[in-house]
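Undergrad: Listed below, chain by chain, are the residues.
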Amino acid sequence: MKARALLGKLWSWFWIVLGVLYFFTPLLATFDFSLRARKGMLTFLAYEHIFKDVNFWRTFGFSLQMGFYTIIVSIVLVVPTAYWIRLRLPQLRPLAEFISMLPFVVPAIVLVFGLIRVFSGPPFHLTNTFTGTNALLVAGYVVLTLPYTYRAVDTGLAAIDVRSLTEAAQSLGAGWGTILLRIVFPNLRTAILSGAFLTLATVIGEYTMASFIVGIKAFGPYMSLVGQNKTYESSSLAIISFLLTWAFMGLIQLFNRGRAEGQLAGAR
Amino acid sequence: MSFLTLTNISKSFGSTDAVRDFNLEVEKGELVSFLGPSGCGKTTTLRMIAGFELPTTGVITLDGQEITHQPPHQRNVGMVFQSYALFPNLTVAQNIGFGLEVRKTPPAAIKERVEEMLALIHMEEYGGRYPYQLSGGQQQRVALARALAIRPRVLLLDEPLSALDAKIRTELRLEIRRIQQALGITAIYVTHDQEEALSLSDRIVVMNRGRIEQVGTPTQIYNYPATEFVAFFVGQLNVLPITDLDPATSSCRLGGQLITLESVAVEHPLQDTPHLAIRPEEFDLGPARQPDQNQLTGRVETLIFLGAIVRLRVEVAPGLLVSVDLFNSRELNLPRAGDEVVLHFPRHACWLM
Numbered sequence: 001m002k003a004r005a006l007l008g009k010l011w012s013w014f015w016i017v018l019g020v021l022y023f024f025t026p027l028l029a030t031f032d033f034s035l036r037a038r039k040g041m042l043t044f045l046a047y048e049h050i051f052k053d054v055n056f057w058r059t060f061g062f063s064l065q066m067g068f069y070t071i072i073v074s075i076v077l078v079v080p081t082a083y084w085i086r087l088r089l090p091q092l093r094p095l096a097e098f099i100s101m102l103p104f105v106v107p108a109i110v111l112v113f114g115l116i117r118v119f120s121g122p123p124f125h126l127t128n129t130f131t132g133t134n135a136l137l138v139a140g141y142v143v144l145t146l147p148y149t150y151r152a153v154d155t156g157l158a159a160i161d162v163r164s165l166t167e168a169a170q171s172l173g174a175g176w177g178t179i180l181l182r183i184v185f186p187n188l189r190t191a192i193l194s195g196a197f198l199t200l201a202t203v204i205g206e207y208t209m210a211s212f213i214v215g216i217k218a219f220g221p222y223m224s225l226v227g228q229n230k231t232y233e234s235s236s237l238a239i240i241s242f243l244l245t246w247a248f249m250g251l252i253q254l255f256n257r258g259r260a261e262g263q264l265a266g267a268r
Numbered sequence: 001m002s003f004l005t006l007t008n009i010s011k012s013f014g015s016t017d018a019v020r021d022f023n024l025e026v027e028k029g030e031l032v033s034f035l036g037p038s039g040c041g042k043t044t045t046l047r048m049i050a051g052f053e054l055p056t057t058g059v060i061t062l063d064g065q066e067i068t069h070q071p072p073h074q075r076n077v078g079m080v081f082q083s084y085a086l087f088p089n090l091t092v093a094q095n096i097g098f099g100l101e102v103r104k105t106p107p108a109a110i111k112e113r114v115e116e117m118l119a120l121i122h123m124e125e126y127g128g129r130y131p132y133q134l135s136g137g138q139q140q141r142v143a144l145a146r147a148l149a150i151r152p153r154v155l156l157l158d159e160p161l162s163a164l165d166a167k168i169r170t171e172l173r174l175e176i177r178r179i180q181q182a183l184g185i186t187a188i189y190v191t192h193d194q195e196e197a198l199s200l201s202d203r204i205v206v207m208n209r210g211r212i213e214q215v216g217t218p219t220q221i222y223n224y225p226a227t228e229f230v231a232f233f234v235g236q237l238n239v240l241p242i243t244d245l246d247p248a249t250s251s252c253r254l255g256g257q258l259i260t261l262e263s264v265a266v267e268h269p270l271q272d273t274p275h276l277a278i279r280p281e282e283f284d285l286g287p288a289r290q291p292d293q294n295q296l297t298g299r300v301e302t303l304i305f306l307g308a309i310v311r312l313r314v315e316v317a318p319g320l321l322v323s324v325d326l327f328n329s330r331e332l333n334l335p336r337a338g339d340e341v342v343l344h345f346p347r348h349a350c351w352l353m
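Protein sequences, first through last, are from chains A and B. According to our numbering, the first sequence is numbered sequentially starting from 1. According to our numbering, the second sequence is numbered sequentially starting from 1.
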């Protein structure tokens with residue numbers, strides 16, 4: 001019996017180790033390669049070059065800004081919609097879920113050509129100005145990240161008794177604005193944050209839309225350009241983008257700590 | 001004019017009639033329970049009073065004002081939900097003060113009212129806690145305080161104790177009644193638990209399939225059920241086939257044994273093939289001691305000890321079982337399964353259905 005338990009434990013560890021090796025070996029190899037910019041020694045020279053490159057900071061700042069706008073627009077659009085569907089139109093949930101999944105099915109290249117074709121001509125002429133072009137990019141990103149934001153918000157809504165909370169607030173005299181701002185948004189904080197960071201992580205590294213709408217201004221096309229021209233720097237950029245993603249995931253954990261339990265337990 | 005009036009209320013969802021021809025007048029300070037099985041329309045009626053559902057037809061007036069189409073947030077009606085519906089992101093004090101905050105009440109007045117409400121529910125120390133840090137009973141107390149904090153014109157309670165365990169349910173039931181009477185607030189209480197309705201209410205509205213079956217005080221409902229449904233739904237009831245019904249002598253035979261009824265009961269049979277109806281607790285062990293008592297002989301089939309009550313099933317004729325509830329006491333000499341017993345019950349305790 002004891003030997004069997006030990007065997008089971010070893011078997012579990014075997015799979016864990018295998019999984020870790022599968023995920024981390026390429027990463028370690030990339031990291032090792034990024035440190036070999038100078039022959040015969042390990043150096044952070046490639047990282048130095050990247051951090052000293054003004055285009056790195058400019059493109060990263062731009063994509064960060066676009067990510068921020070995307071999050072704001074997504075939240076304003078998705079939270080009330082998902083809330084209303086849960087509350088009043090539950091029969092539309094399958095349709096909403098299907099629509100939210102479309103960006104996984106429709107390739108970004110198709111989406112971006114559609115956007116440019118529709119919005120660059122009359123009556124919109126969005127691509128005639130920088131603001132218009134950026135707005136078009138944000139709109140594209142909102143669609144592209146819809147699976148993450150909608151799923152996160154919808155899951156958050158499922159964890160709270162939306163109908164009872166809404167009716168309780170109504171019976172206490174609250175109108176729709178108060179309900180959304182004081183009850184719905186605060187109770188979806190965790191879900192919104194998860195969606196927001198996933199959106200940010202997606203937008204920061206996004207290539208297709210950015211390269212067709214704003215070109216080299218965005219971080220995705222910049223990474224691609226570096227990858228084409230600078231061998232070691234491209235590896236260091238890959239590591240940096242991994243670290244950024246992990247940092248965002250860490251932030252989600254940090255913001256959620258001690259809150260998730262309270263939100264879920266209190267919702268019952 | 002009554003404080004709360006529902007006139008010819010009906011509600012349909014598609015082709016389903018959830019509530020039909022509902023008429024009710026509730027006086028100020030009264031606690032009226034809506035009692036009925038699941039799907040009988042009691043919660044739908046409550047939700048129409050709250051404003052969460054619009055009646056298909058009919059008019060609702062509250063304190064002389066028609067509120068049929070008024071949005072819920074303008075009705076000043078407090079509501080307590082089965083699921084408590086406390087705001088998870090707010091503390092107990094913030095939950096209680098929420099309605100006052102929405103009304104732009106000055107902070108000092110909110111603080112004072114919150115403290116008053118916390119004292120009312122005996123939870124003065126819990127103001128700073130979050131809902132998830134409270135037990136179910138405590139959460140429902142807070143929900144009650146939150147609904148009362150706004151000084152509602154009517155308090156609506158939608159099965160507020162259903163999610164709680166039996167002991168807490170009994171305690172909180174008494175507390176709800178105490179608070180309702182202390183504040184003199186008009187309340188509508190929805191429940192499917194007859195014991196809850198009987199113990200709490202000034203009046204009970206028994207509902208079935210969207211219609212009112214009977215409105216009356218708990219004793220009226222229990223002792224004088226107006227319909228077969230009420231008789232069956234409220235309390236336990238033996239419904240036994242009889243033969244040889246003789247209206248002249250107000251008598252009949254139950255499993256061959258002679259039963260005499262009060263004549264008035266014979267004049268109002270509810271079915272063409274009458275049955276004898278009698279509550280299990282009307283029986284007592286032993287032969288009839290007075291001339292106005294009936295006597296039945298039978299054999300004990302089962303005996304179930306329930307603490308305060310001992311429930312017997314007595315076969316008074318082949319295949320004819322009678323349920324008998326005896327109050328337990330130390331002196332009670334309990335029969336055993338298979339023993340022959342003699343039962344007696346007063347004539348006025350049985351009626352024909």
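I should point out that these hints are in silico values taken from the structure, not numbers from a laboratory. Since this is a predicted model, take the numbers as computed values, not measurements. Be careful, since some hints might not be right.
Taking CB as the label site, the calculated pair distances span [to be verified]:
#: 1; chain 1: A; residue 1: F98; chain 2: B; residue 2: S2; range: 49 to 55 Å
#: 2; chain 1: A; residue 1: L95; chain 2: B; residue 2: T57; range: 30 to 36 Å
#: 3; chain 1: B; residue 1: T57; chain 2: A; residue 2: M101; range: 56 to 62 Å
Using 25 Å as the maximum straight-line C-alpha spacing, the simulated SDA-like pairs for lysine to any residue come out as follows [as the list claims (entries may be wrong)]:
#: 4; chain 1: B; residue 1: K104; chain 2: A; residue 2: N229
#: 5; chain 1: B; residue 1: K111; chain 2: A; residue 2: N229
#: 6; chain 1: B; residue 1: K104; chain 2: A; residue 2: T202
#: 7; chain 1: B; residue 1: K111; chain 2: A; residue 2: T208
#: 8; chain 1: A; residue 1: K230; chain 2: A; residue 2: L251
#: 9; chain 1: A; residue 1: K52; chain 2: A; residue 2: L181
#: 10; chain 1: B; residue 1: K104; chain 2: A; residue 2: T178
#: 11; chain 1: B; residue 1: K28; chain 2: B; residue 2: N8
#: 12; chain 1: A; residue 1: K52; chain 2: A; residue 2: S241
#: 13; chain 1: B; residue 1: K28; chain 2: B; residue 2: P71
Some, not all, of what chain B presents toward chain A, calculated at C-beta under 8 Å [stated by the list, open to error]:
#: 14; residue: Q70
#: 15; residue: P72
#: 16; residue: F81
#: 17; residue: V102
Cβ atoms here follow ideal geometry from the backbone N, Cα and C, with glycine treated the same way.
Undergrad: Among the hints numbered above, which are violated by the structure, and what are their numbers in rising order?
TA: 3, 4, 5, 6, 7, 8, 9, 14
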